[in-house]
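Residue numbers (numbering that gives the first Met the number 0), protein chains in the order written: chain A, 0 to 346; chain B, 0 to 334.
One or more of the hints may lead you astray.
[Said to hold, decoys possible] Computed beta-carbon distance windows for the label pairs:
1) A/P192 to B/A44: 17 to 27 Å
2) B/E105 to A/P192: 55 to 65 Å
3) B/P298 to A/G193: 53 to 63 Å
Just so you know, the hints here were simulated from the structure itself, not pulled from any lab data. All values reported here derive from a predicted model rather than from experimental measurement. From the three backbone atoms N, C-alpha and C, an ideal C-beta is built for every residue, glycine too.
Listed here are the chains, written in short residue letters.
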Amino acid sequence: MRIGLLSFAHTHAASYAGLLTALPGVEVVATDPDHRRRPGETGGAALAASLGVEYVEDYDALFDTSPDGVIVCAENAEHRPLTELAAARGVHVLCEKPIATTLADAHAMTAACASAGVQLMIAHPVRFAPGFTALRETVAGGALGEIVSVAGTNNGRLPRGERAWFVDPTAAGGGALTDHLVHVLDLLDALWPGSRVRSVYAVANRLLHADAAVETGGLAAFRLELDQGPPDTVGTGRSVPVTIDGSWSRPDGYATWGGLTLRLIGTGGISDLDPFALRVGGHLSSTANAAWIPYGPNLDELLLRSFLEVVAGRAPAAPDGSAGTRGLAVVLAAYASVRSGQPEPVG
Amino acid sequence: MPHTEPTRIGLIGAGGIAHQHLPAWLALGAEVIVYSHAGAAELVAEFGGTAVDSRDELLARCDVVDIVTPTPSHAEIALAALAAGRPVVCEKPLARTSAAAEQVIEAFEAAALPLYPGHVVRFFGEYAAMHAAVAAGAIGDIAVQRFTRTGSAPAAPWFHDDAWSGGLVLDQCLHDLDFARWNAGEVATAYALESAAGGVRSVQIVLTHVGGALSLVHGTWARPGTTFRTSFDIAGTGGVLTHDSADHAALRTDLGDLPVAVDTVAGGAGRGLLPAMPYESPFRAELREFLVGLRGGPPPRVTARDGLAAIWIAEAAQRSLDSGRAEPVLTGVVR
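Extracted from the complex, chain A is given alone in its bound form (with noise of 0.2 Å):
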């Protein structure tokens, strides 16, 4: 199996390269035609030396080796030309997260990937984790009740250190609630398929990191609704108030690049959700910091996987454009709602 890497402009890129060359029956070939939009960042035909795969000059020339399979792994605003080009060669897609930066973006690769009869996967690790298939199985069970609340945080350090397009309100679409809020509201879709947001209230704030030119702290705030009823109607179905948590809000210091929890509060109990808790602790002179050392299976391992069975055939992409999509509109409402300080429609 071929599989594609389109661009090094995400750092999970390098993450897949090497993941990806590890696995048996992988073969991995990389083109970062753009890097010189990055300089004095890594990228080109040096980081695929790097990382000892195969490299390109440009998106057409890996096309032209017959990929099973492609990672889009461009800046936000650029997922939608890289997507409708893997459509128009009939090969299978895994985005980076978010799928794009405008709904009309979002429609037109999940459009294009459909009329193509390709799949489009999002690029969502943390479904993916043992904890989380778990608590999905506790859900599902019924152990927790009806579901009360939901409260979820997505919390990181300021993602700039490596590639400075993620603070670029253009290239990256927004800042913290563009990068962190599509996390958890995917878990929520993987959890409650079928549900959804009819609106939402979010606040945002540029206190930390005051230099960078998108927002670093952001909340966010909805009723999901779980049992979707008709369209237009109002009130169909049960409701869960939901927060988020998505600033990136853990200091340049921080031990590691963050986290990712969710909490579930149910009639018939509690269940906390911490992928990222399988770490050991402690503390390291070396690095006067905390240890932080995780253990336990590579998530975006686990998504790769998944992935590799949705090029084979074997599975369908999930999660979907249209999941990714969900998610954006989600986000792109709470920048409406930033703007204008009550809560505005889905859209």
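Based on these hints, arrange chain B on the given structure of chain A.
For chain B alone, coordinates are given in the frame of chain A:
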């Protein structure tokens, strides 16, 4: 009152908080007389002190009144204590409404009598240590802070009659609304969502502070037997401070399959309305500080005006629950 004179506390009420305040007062060396519509005799039989038959008798015999009754009666009792010339310690909320709280505060200020609201979370070790670090600038300016508070739903029916008592927001969330303001300053707006089913109730409140910080307060009355748990995550320009009561037990006792009541285990799991308190009772720390203030020492870390400000924030959250919109915190001037 002179420092040497034993302080006579008149405790009004014999419910859950009375079970904390009475032993705390006694441990501080105070004499305590108790008046309550019900339960006073049982309370003093368990902890000590003297039960009296009428509020008038209590007011005549005490130096300080401690109000630990259901919320709606706080203001009336406080004003009765004032009429008798007694300073007041009042369990939070200071009153059922901000208007009532303002009326009480103005009356006490006019009489120059102390009035202290029992925002006890300010006296919990982990919270006090966190705030001290924040106040010392350890994490710079606060940008985003989260507070959660989860415990078994209270059994007394009055907690659940929102119109009467103010419900979850005014009783439980008030602790963290007060703390959010103590940390990050005055609050501009509140947006709140709530849900309830099967006796379980949860409210999430998003605050914007005048200074630009954001706060999230999540309060839950959970199913019976739920371990009391609180957490905070305070992120600032200079670092982050976190605590989760589930992760910091000074003592863990595992009794296997032995069916022993949790309450018999020292430093127990805190399955009721209150958390485990594996160090000096925060109620005792609170009442000691109040006692120092009452005896003419430094004023306590929490003032009646703080108690009023917390109610203002809670009322904005309650208006948001009704309107579905972010609501401004409507305040007078905090003096």
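Against the structure, the hints:
A/P192 and B/A44 have their C-beta atoms about 57 Å apart, which leaves the hinted 17 to 27 Å range violated. For B/E105 and A/P192, the hinted distance range of 55 to 65 Å is satisfied, since their beta carbons lie about 56 Å from each other. One distance hint, 53 to 63 Å for the beta-carbon pair B/P298 and A/G193, holds here, with the actual separation near 56 Å.
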